[in-house]
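**Q** With chain L fixed as given, assemble chain U onto it according to the hints.
Protein chains: 2
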Amino acid sequence: MSLEREEPSHFGAGPAQLPTCVLQQAAKDLVNYKNLGLGIGEISHRSKDATQVIEDGKRHLRELMDIPDTHEVFFMQGGGTTGFSSLGTNLLRGYVGKTGRVGTCGYLVTGSWSEKAFEEAQRLRLPAEVVFDSREFDTEKKFGSIPEESQWSARVQGKKYAYVYLCENETVHGVEWPQLPRCLVEDDDVELVADLSSDILSREIDVSQYGVIMAGAQKNIGLAGLTVYIIKKSILKNIAAADEEILNELGIPVTPIAFDYPTVVKNNSAYNTIPIFTLHVMDLVFQHLLKKGGLPQQTIENKQKAKLLYEALDAYPEFYRLPVAKNCRSSMNVVFTLVDSSLDDQFLKDAAAQRLTGLKGHRSVGGFRASLYNALTVATVERLVQFVKAFAEEHK
Amino acid sequence: MSLEREEPSHFGAGPAQLPTCVLQQAAKDLVNYKNLGLGIGEISHRSKDATQVIEDGKRHLRELMDIPDTHEVFFMQGGGTTGFSSLGTNLLRGYVGKTGRVGTCGYLVTGSWSEKAFEEAQRLRLPAEVVFDSREFDTEKKFGSIPEESQWSARVQGKKYAYVYLCENETVHGVEWPQLPRCLVEDDDVELVADLSSDILSREIDVSQYGVIMAGAQKNIGLAGLTVYIIKKSILKNIAAADEEILNELGIPVTPIAFDYPTVVKNNSAYNTIPIFTLHVMDLVFQHLLKKGGLPQQTIENKQKAKLLYEALDAYPEFYRLPVAKNCRSSMNVVFTLVDSSLDDQFLKDAAAQRLTGLKGHRSVGGFRASLYNALTVATVERLVQFVKAFAEEHK
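As they're listed, the protein sequences go chains L and U.
Its first residue numbered 1, the first sequence is counted upward by one per residue in the UniProt record's numbering.
Its first residue numbered 1, the second sequence is counted upward by one per residue in the UniProt record's numbering.
These are calculated hints, taken from the structure and not from any lab test.
Any given hint could turn out to be false.
Put simply, identical chains are the same to the list, so a pair is met inside one copy or across any two.
[Claimed, not checked] Computed list of lysine-lysine pairs in BS3-like fashion (alpha-carbon distance at most 30 Å, straight line):
#1 LYS349 <-> LYS28
#2 LYS291 <-> LYS28
#3 LYS349 <-> LYS34
#4 LYS396 <-> LYS307
#5 LYS28 <-> LYS48
#6 LYS266 <-> LYS307
#7 LYS48 <-> LYS349
#8 LYS116 <-> LYS237
#9 LYS116 <-> LYS142
#10 LYS141 <-> LYS303
#11 LYS389 <-> LYS116
This is chain L alone, in the form it adopts within the complex (with noise of 0.2 Å):
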């Protein structure tokens, strides 16, 4: 049975395209690995190599992003979406178990995915609040801005917050922080918490400077149904040493036990049975990054293939409209319109006539979006690019 393919050039939002050398090995290994006569989705989630790829994986990420003593490495089952509804009530935990009281969790909400992580505390009943929406500052109501520092920071002096949560680059919208705000990182009474499911391991980031961090796998790291942690061993602490009754009384919802990131450690991600055949892929994926020159180059590349497609719009700002603010356009998932939009269906067809698929854009913004997550390559970008100048000089 072949395992070839040409090389494939999908833009879509995730699940994303993952390296060909990675599928390959991983296909080769899904029916036996290491000679074993077995499948590395066919072993006790406790055996030795399953053990083992959890700590390669753990191993290669500390790698990769550098990550200090001073933070945890973990996995979970889920995507997102279990992600940010399982960290509020750990983090509401840890701050119980550090004051003693209960915090308010603060959301910055910058598009679809911070506004649906906020959505999802005050279902669960938490005390939740919007720092700021972008939405309220930006001009034509609508998510495509980040507000400067200064015009929010004040709402955050002297209140109590157990943590305060942002997305780091909002997928659907095409809105990417250009810097974590300054007013978070140096206040040492708040965690920050933020979602990098979209932009993890795209450009090199001081892990220091978070509190948790939280992401889904179908994007960068690999196939969907695990989400990465990285977290500070002091709230860990913090978490283990609240309080039940007090927990209890301040009427904070229990967190389940699958989700409960104290006993998740303590049993090395594998507490619930975690797929090891897709975190064996998250790792050959570290693997091959690690291979390539790591973070340095492959923010290098990023930059390069960000640069050459909004250039490549913006040259034509009387055919393509792009809707997000320069300063935090994203690198990843790069939005745009045609100005003529019923050219859209033609603009897709032609896009596929040349292999270049998964460029529509999400059903509730509409327009198009080319995510240029890792696995897609310059040269593959080059071709898109390429594409968007032809197809723009044809139609104008």
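**A** Frame of chain L; chain U shown alone:
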């Protein structure tokens, strides 16, 4: 790259051996699905192809299990733990939706998995109680038997149960319900909720008798990472109909959105990004089972396998000890010990020399466990039987 392997003979309790032909097809589809030029794990979970996988999975499971129209099928991320962790709040809501008042969550405890499920309900502060713990009735006060219904059925009479939970096959202790308790099946006011993680698809069952069937995939169904649900549509309606204010007043915790049954069903199992590769493997297993004759055929094979092994072990009562009562011996997980435990290491070593692996008992029970899931052929079990006999003959 070769996708060949010798037929494995791995008796691990799960994640378990899968049919080789299924894994070979899955490996190919991981790299290039239906000549799309992309793997099945690299496409949007809302794309046409992914939706088809979801629909196929539902349809084939319906066909296999002869699921009546009164019941809905859906999939969620996670395993058994995530499953029992989220079903209590869902079912309690359903009970409130139906009756306007809160009910009790009853648990029939027959092994470590039903015990864990009860403990989690308590931990989540649900109004949970143990209907019976089989250890009360056991002469050695251990798990290994299921009391006659007459010994406990009076306890459920007149009670207002939101649901009664049981684990149909206790994987760790090798205890399987020989049939569902009549007093619950025949009581229209009680919803029977059953964990079928380790015996689903092992034999024909009457789905109409269950309120909810929940089953982690990693035994008879596929890779770890997904859980199958079969639920009465009336329960779904009741959950959706429950009044939020009443729920809040009654102090019933909110189910995290990714595990809220009506939300998941409304979004065709794709609310939280469903691991579509894992689902595809599941569907390939369903198709494989249908092709070889469905559950009637599988029932015959599994009966034969269990009979062969239990008979071989029973033939050496001075050598092998079987801790489980005959009337509730599991056909999936055959638990046994050596009378002379100093031979334990030798047993495992000699077995491994014949490629008979995964036989070590669960760490909480010790001894040995041979799991005879669907992917283990009669011929493979015959090899184990020969070994068991020869080992006894050599060392008795």
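**Q** Next step is simple, just say for each hint if it's right about the structure.
**A** Status of each hint after checking the structure:
1. When the C-alpha separation of LYS349 and LYS28 is checked against a cutoff of 30 Å, the pair qualifies only between copies, where the shortest distance is 28 Å, while the shortest distance within a copy is 35 Å.
2. Within a single copy, LYS291 and LYS28 get their C-alpha atoms as close as 20 Å, and across copies as close as 25 Å, so both meet the 30 Å cut-off.
3. In this assembly of identical chains, the alpha carbons of LYS349 and LYS34 lie at most 30 Å apart only when taken from different copies (20 Å versus 43 Å within one copy).
4. For the identical chains of this complex, LYS396 and LYS307 are intra-copy neighbours only, at 22 Å inside a copy versus 76 Å across copies, given an alpha-carbon limit of 30 Å.
5. For a Cα distance limit of 30 Å, the shortest separation of LYS28 from LYS48 qualifies both inside one copy, at 20 Å, and across copies, at 27 Å.
6. Within a single copy, LYS266 and LYS307 get their C-alpha atoms no closer than 43 Å, and across copies no closer than 40 Å, so neither meets the 30 Å cut-off.
7. Within a single copy, LYS48 and LYS349 get their C-alpha atoms only as close as 50 Å, which misses the 30 Å cut-off; across copies the closest is 16 Å, which meets it.
8. Both within a single protomer and between protomers do LYS116 and LYS237 lie at most 30 Å apart by alpha-carbon distance, with minima of 28 Å and 24 Å respectively.
9. For a Cα distance limit of 30 Å, the shortest separation of LYS116 from LYS142 inside one copy, 16 Å, qualifies, whereas the shortest one across copies, 47 Å, does not.
10. For the homomeric pair LYS141 and LYS303, the shortest alpha-carbon distance inside one copy (29 Å) is at most 30 Å, but the shortest distance between copies (66 Å) is not.
11. Taking identical chains as interchangeable, the C-alpha atoms of LYS389 and LYS116 are never at most 30 Å apart, the minima being 36 Å within one chain and 60 Å between chains.
In this structure, the hints that do not hold are numbers 6, 11, in rising order.
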